[in-house]
Amino acid sequence: MKKLTKLFLALSFALSITTSAFAVTVASWGGAYTESQKLGYGDPTAAKLGIEINWVDYSGGLSEIKAQKEAGAITWDIIDVFAFDTINGCDEGIFVEFDFDKDFPAAPDGTPASKDFFAPMPSKCAVGNILYSWNYAYNKNNVKGTPKTIKDFFNTKKFPGKRAIYKSALTNLEIALAADGIKPGKGGEKIYKALETEKGVQRAMDKIKALCTDPQGGCVFWSAGAQPPELLMSGEVVMATGWNGRFFNAIVGEGAPLVQVWDGQGLDYEYFALVKGGPNEADAKKALAMMTNTEMLAGSAKYIAYAPYRISSLDVIKKNEPWYKDGKTEMMPAMPTAPDNTKNYFLVDPFFWADNGTELGEKWEAMKAGL
Amino acid sequence: MSSETNKILTTDGIPLEESLKKAERKNKIKAFLLVCPLLLFLIITYVFPIGEMFTRSIDDKMITNMLPNTFKSMESWDGQDMPEESVFENFYIDFKKLVENKEHGKLAQRLNKEKNGFNTILKKLFRQIQRNKIDESGSFKEQITSLHKRFNNVEYWRAIKRTAPPYTMAKYLKGMDLFIDENGGIAQVEEDRRIHRILWLRTLEIAFFVTVFCFLMGYPIAHLLATLPMKYSNLLMICVLLPFWTSLLVRTASWMILLQQQGIVNDFFVMIGLVSDDNRPEMMYNKVGTYVAMTQILLPFMVLPLYSVMKTISPSLMRAGKSLGGTPFVAFWKVYFPLTIPGIGAGCLLVFILAIGYYITPALVGGASGTLISNQIAYHMKTTLDWSFASAMGLMLLTGVLVVYWIYNKLVGVDNIKLG
Chain A
1 MKKLTKLFLA LSFALSITTS AFAVTVASWG GAYTESQKLG YGDPTAAKLG IEINWVDYSG
61 GLSEIKAQKE AGAITWDIID VFAFDTINGC DEGIFVEFDF DKDFPAAPDG TPASKDFFAP
121 MPSKCAVGNI LYSWNYAYNK NNVKGTPKTI KDFFNTKKFP GKRAIYKSAL TNLEIALAAD
181 GIKPGKGGEK IYKALETEKG VQRAMDKIKA LCTDPQGGCV FWSAGAQPPE LLMSGEVVMA
241 TGWNGRFFNA IVGEGAPLVQ VWDGQGLDYE YFALVKGGPN EADAKKALAM MTNTEMLAGS
301 AKYIAYAPYR ISSLDVIKKN EPWYKDGKTE MMPAMPTAPD NTKNYFLVDP FFWADNGTEL
361 GEKWEAMKAG L
Chain B
372 MSSETNKILT TDGIPLEESL KKAERKNKIK AFLLVCPLLL FLIITYVFPI GEMFTRSIDD
432 KMITNMLPNT FKSMESWDGQ DMPEESVFEN FYIDFKKLVE NKEHGKLAQR LNKEKNGFNT
492 ILKKLFRQIQ RNKIDESGSF KEQITSLHKR FNNVEYWRAI KRTAPPYTMA KYLKGMDLFI
552 DENGGIAQVE EDRRIHRILW LRTLEIAFFV TVFCFLMGYP IAHLLATLPM KYSNLLMICV
612 LLPFWTSLLV RTASWMILLQ QQGIVNDFFV MIGLVSDDNR PEMMYNKVGT YVAMTQILLP
672 FMVLPLYSVM KTISPSLMRA GKSLGGTPFV AFWKVYFPLT IPGIGAGCLL VFILAIGYYI
732 TPALVGGASG TLISNQIAYH MKTTLDWSFA SAMGLMLLTG VLVVYWIYNK LVGVDNIKLG
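Protein chains in written order, with our numbering: chain A, 1 to 371; chain B, 372 to 791.
Just chain B, same shape as in the assembly (with noise of 0.2 angstroms):
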């Protein structure tokens, strides 16, 4: 029996599997082209910066093309002692022409981001070439390591090694105070300069402990806000509201004049007699401060979240639940937090993932423990334009999150979550 008597037919005589093809390809094109403008929209936002940012953030061809004969030359070097003539002359020849094409400033802004003191030394080599002073007849590691003190430590030569491949993972290793050694191997920075670490267990444990709070402090308000009448759900829910209408800044500064030790919160505190006024609690400009402030600014976002959940659960469950028996706790605990659960997931996420990022606010209250992650990219971007390593810090910020992602999904699933 052959397949082709069995095919049943259209009208028109094409087999109706095709045309029933047909239909979904246009209704799926048809799908497509809704959804086309959202998907533009989401590449040129989203996926295209974050691959710009990836390749900014390997892509040091720029020095790779600077000194060419400097690199092949230092090829057969060990990195331990000073480098030979060869090296010395072919840096000069590259350096020259960098001169001619009035680069060299390129290059000293580059190298000075391997190691810092470079800028110096080589604006001085620049104007020993523009004056004519270098006897290119005469030994150039002489007349090179004479011009600055720096120029004679075998340190400088290493970085400038380091610099050789055209693309390198180096930025990411500097985000966790690494780099990569005259072996090749991976090493740990000088002690007193490892700082990116200590900024990154402080942003996550800020970002932890905020969010903690936010849900202490928000689960009960969210549960009032769900069931007290409309009336007086409404009036509250502005309160909760206007904070979120009020500038950053604002907020921020009011919670300086709140908590500071000459603040309004200590004088209310001495006029009690709860401390003595040489003795008043400091609340400000350390992590207390950074906690308070950023709290409160969150607060919302984790109580709109859950108010929303709440909402939908009925009232008659937790009588359900007493009624079959359990006491208050019992059918709380049981049967109406497990239904809040993703409303829990929505504001954890939310607020974990906008503390990860926040900068002003700590800077402006946490006084020495104020500097995050955050800020040091900022400082990057801005300052040193070192925008490769600003590109990996924050790619490495954006994993940190996914992560975080991945382990709530593990751990509640992402179906859980509810935003609304």
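Bound-form chain A, shown alone (with noise of 0.2 angstroms):
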């Protein structure tokens, strides 16, 4: 039976590899963030190295790369991924290990690569590409008064009306506990310290669902990131929880009344991976090394509004403010890591998530069915 799988598996594989022996693939999510990407600095290493660098779309997750990796026919060099599936494909064997400060090069003053990361890598197969935030924002149109905090989102009395919220428990609940007033102490400890225990989760748990339930409030859940602007604008609710790229695309792009606001904000990340036994491992793992350097990150960042994981990155942009791509909007304070932004956060914990999500996401659900 196995090895019929990997025989039609490898037939189906067999042909897409032909087409693509010389370039180096690299799997990203697609529309605008892929376009950041193949502009800030795909097509710049890919001159520099004189190598051909392709962009594929996926959806996220590893199930095709394992499906090509059982078929023993592997098409993807480099996958975009979030951090607990860096996890996973290191513990699953799928992805190469890294030596940070030997792969990677060092910043232009000299710090190591390692030194140099805005967080700590959550596994030895990860390399940061960018980091985004969770944050929330409002339509200043429709909201009497300006939020200002976490704890403005959840408070109905003084800013009624519905809420937007992410239709997983992925950020709910340590904003639910932001906003009850536990401190997130640094890069959030103190909130997954509490989502340990049981009560904690609890406490999470009411707190959304009295948002959910509160005449004066209510719950609307989004699931693709198009979303929350769409609401915001057509006035449907008046706070939603995003991704502050789409935020930042609506008010610059579109010129959307939208306010961002940064406290209580989860910082995220997006790695990328180099694949164990890839069609052409050795010029990816070059074009990685230098796609992940200061300069390169800080091109991605001329097109999106997703900060680059490299600290010294910032200070390119800081120094040729006005850095987004239209020449007149400065970018540092649309940064999820500018100093503005960062006085109230927590940093998504990968760890966290993969050990419990399987199980509060079975919470999460059983709780949405009992609104």
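Think of the hints as simulated: they come from the structure by calculation, not from any bench.
In silico SDA-like cross-links for lysine to any residue, where the CA-CA straight-line distance does not exceed 20 angstroms:
id: 1; chain 1: A; residue 1: LYS302; chain 2: A; residue 2: LYS325
id: 2; chain 1: A; residue 1: LYS69; chain 2: B; residue 2: MET424
id: 3; chain 1: B; residue 1: LYS486; chain 2: A; residue 2: GLU196
id: 4; chain 1: B; residue 1: LYS520; chain 2: A; residue 2: THR197
id: 5; chain 1: A; residue 1: LYS66; chain 2: B; residue 2: ILE434
id: 6; chain 1: A; residue 1: LYS124; chain 2: B; residue 2: LYS477
id: 7; chain 1: A; residue 1: LYS115; chain 2: A; residue 2: MET290
Got two chains here, each in a separate frame; can you build the complex from them with the hints?
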């Protein structure tokens, strides 16, 4: 049975291999994000190294690369993945382990790579790409007053109206506790300490439940990143959590009357992982080292409001403002890692979610079913 | 009288019966060769993957082979109090071997699926072994339990014991919020985690009502299509098919724009004074939204089989019914309706089976009730990589569809399905 599977899968992959034998293939999420990667560092790296870099779209998760590996016919060299995917993929032996200071160049001032990353890597198989934020925004035409804190997001007396929150438990439990009075502490460790206990989880669920069942409040659950700005602009909700890049696009690109609130934001990461036994592993490794250096990572922030993973990249942006591609918008205030935006934040903990994701997901669904 | 003499012979002297058989065999082989490609296709695309799914869903050999010593020493453990030193020692031996082969990550993944929380504590143990911090002459129980409080929790050791058999039905039980407890009996999971049964019922409920709505709306449309003169019915047919050619996501998104509280339909209601501005009804992000969007998306699958059946019913039958003294309703109910049952059966089965596997549309428009069993399958396929659980749920869904088909066969008869 196993051998047969391999044969069938190998046959189906064989064609796609032959077409991309000499290029480095990077799988990423597509849309404006991949566009920013391609223009920001993909094309410049390809030109410098004299290799071809192909970008293919995928919808996240490790199922495809796992299937490719089981079939013995891997077609991707580099994948853009979430933190917990790098942990899982590393454990399953899908990705190459790195020696960060040896495999990746130092910052221009000589800081070794491992010290230049905004946060330590969740696994040895990941190299940081960007940081994005789960923050919230409101429509200034529909809200009286100015929400400033994460507590205001849950304050339906002061700011009545529906809220849009993400459909899964991820980051919702964290902001619920932050709004319920738990100080996040360094990188949010106090929040996660509380969530390790049944009581803490219950407290977070109760807070969400109270918001969603409040006649003055109520919840809309969003599942696609384009929804939060849309829901805010149509007036369907008064506040929405979402990804800061999407809010930025709506504000700068479309002139939407939205305001982002950074208090209690959750910083989340995107990583690159190098596939073990990929079709072009050696070139891919070279390309990856160049794409994630200080200059190149800063390049992607020209096209999208996500923060480069390297701290030294921010200096590049600061020195060359206005950095955004339109030549007039300053990028630093829109960076989730900018000092003004990180006064009260938590780092989304990939270990916590890798450990407890399934169980909390079930509890979350059970809670939603009772709404 | 011997049978020999009675045999009819062909001109070559071979008994006719044999000759006939030979010719028939040839035809059979020819016929078989003709269907061979299709048969092969079915085996490759249906039988084989479903078989693969089934083995995946019950195969648990990997962990059995990873912890052989642990399971052996656990045989005598009753699962009540914390296991003895020997269990810890054997667990350490097994785990160290996995670390040497760099397979400890796989074990952590597998056990974390059994009980959440294993990932972290096994990584802790891994780091201790890497740094040679475990004193192999001391008590393993003391050293391991002092690493993390979860190692001191008997639940985690019970979870290990549960994974011992090489084949298991545990994934199927999990799909119904059940599990095998330490005594080998079947028990329910904690109350706040019983989610799968809710999702199964919700999936069935939505599929059922979408089928009913599709039928109620599709039947008159199909009737109209079948009875209108050609030039009008063609236009109407295009209207039915047009949404069929539009992307699913586009159609779903348009319903969101139409039905949300600040949407076009509500704006219209407020404009004509049907509802007040601050009391707009919620028609989106709840089940209403799911029903509306899914009914519209699946409607063509109901209309087309109905239309093809109705087209073949002669209008003179209804006239005959009426001329024999039936009211229009009686004529319809006694004559026309029974003739359309093959189309109803085909349409309902099609819509129901398609609806039961939907998940993008409900997730977008269904709000808190937008999670269906297919979302759960996708989640375990893509995020947790628990493919055996995903396979088990996929097979359960398939079984559900087969049961519906079987019930339908009992009630109406499969011969009475007409797709076109």
